[in-house]
Amino acid sequence: GQQVMQIPQYQHVQEGEDFTTYCNSSTTLSNIQWYKQRPGGHPVFLIQLVKSGEVKKQKRLTFQFGEAKKNSSLHITATQTTDVGTYFCAGPTTGNQFYFGTGTSLTVIP
Amino acid sequence: DGGITQSPKYLFRKEGQNVTLSCEQNLNHDAMYWYRQDPGQGLRLIYYSQIVNDFQKGDIAEGYSVSREKKESFPLTVTSAQKNPTAFYLCASSPREGTNEKLFFGSGTQLSVL
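Sequence lines, in order, name chains A and B.
Residues 1 to 110 in my numbering are what the first sequence lists, from first letter to last.
Residues 1 to 114 in my numbering are what the second sequence lists, from first letter to last.
Next comes chain B alone, as it looks inside the complex:
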C-alpha cells in the first residue's frame, strides 16, 4: 500500500527537549516537504527537499532542523529553540519539486508541549 507514513500520531514535548517527527514515503517521490498547521491558519512551509542530501528553508524554519539521507525519509526535529511548537505537522511529497506537481500528504503529527 503506497503512501506517506508519519509517526507518531501524537507527541508531547517537555521544556528544553528536542523531538523528532518521522516521515517515510514509498512513492518514489523526489521532493518532500514539512508544513506546520495552526488553527485558523493555512499550511506554512518549514523545510523542503528536492533531492537526497539537499534541503532548503521554508518560511518558518527557525527552531527546526531536517535531514534527507535517504530518498524515502525526511525527518523533522523540533528543537528547544522553537518556543511555540504546539501545532499539527504535515509531511508531504511530490514526484518532483515545483508547483505543477500535486502534493501527497501524510496523516500528520499533533505536537503538544507539556
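The following block holds chain A by itself, in its conformation from the complex:
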C-alpha cells in the first residue's frame, strides 16, 4: 500500500545549525503537505506543494518537492529553540486520504 517514509526519526542540533528532514514515496504523489507538532501539542499545517520541482520558503524554512514528485524535503536554516517539535509530511493515498510519515523529532540545544 501507499507509504511515505520519513528520515531521520530524530535529530539533535545546536542552536544556529541547519536541519533537514526528508520524505520519500514509492509512488508519484499528486501533492505533499507538511505539518509541525510542538511537544504536547497537535499538528499544525505548514505548507502544501503541488508542482514538480516546486520550492517554497517561509522565513527560515525551505520546502522542496522533487522533480519526479516522489520525494520532498524541509530545510530549516539557523535553527532556533522555537523550531523544536516533530515535523510530519503527508501524502495522498490511493483512497484520496492522507498518509502521514513517521515524523522527524527535532531537538534544538541552546
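If you want a taste of the chain B side facing chain A, the calculated C-beta under 8 Å gives, among others:
id: 1; residue: G42
id: 2; residue: L90
id: 3; residue: G98
id: 4; residue: K102
id: 5; residue: L103
id: 6; residue: F105
id: 7; residue: G106
If you want a taste of the chain B side facing chain A, the calculated C-beta under 8 Å gives, among others:
id: 8; residue: G40
id: 9; residue: Q41
id: 10; residue: L43
id: 11; residue: L45
id: 12; residue: Y48
id: 13; residue: G58
id: 14; residue: T99
id: 15; residue: N100
id: 16; residue: S107
id: 17; residue: G108
In short, the hints are calculated from the structure, not lab data.
Keep in mind it's a predicted model, so treat the numbers as computed, not measured.
Cβ coordinates follow ideal geometry from the N, Cα and C atoms, glycine included.
Using the hints provided, position chain B relative to the given structure of chain A.
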C-alpha cells in the same frame, strides 16, 4: 473563537469498558477525521466522514466505532475489542474531503488503560 474542540484531554479506560471521545468543530467543515498517534509512529487514520450520516473505515478501524449525526460532531468510541487502546487520539477536519485540503486538528485526547 472557531476551531476544533476535543474532550476530555485525558481519559482512562478500565478493562472491558467502552469509552467515547468527543470532537466538535464550528468551522462549518464537511469532512472530519480521527487519527491515532503512538510514540515514534506517524498518524494513522481510524475513521473519516465526508458528510453527515456517512463515514468510512481508515487503516486501523478495528475496535473503534463512530457516528456523524450532526455536521459539527464526530465522536469516536473505543470499544473493549480494541486490545491496545493506549494512545494519543487526534480529531481533524477539512472544508471538504480530499488531500488538496489542509487538515485542522484538535488538541487531542490521551487515552490510557487502567
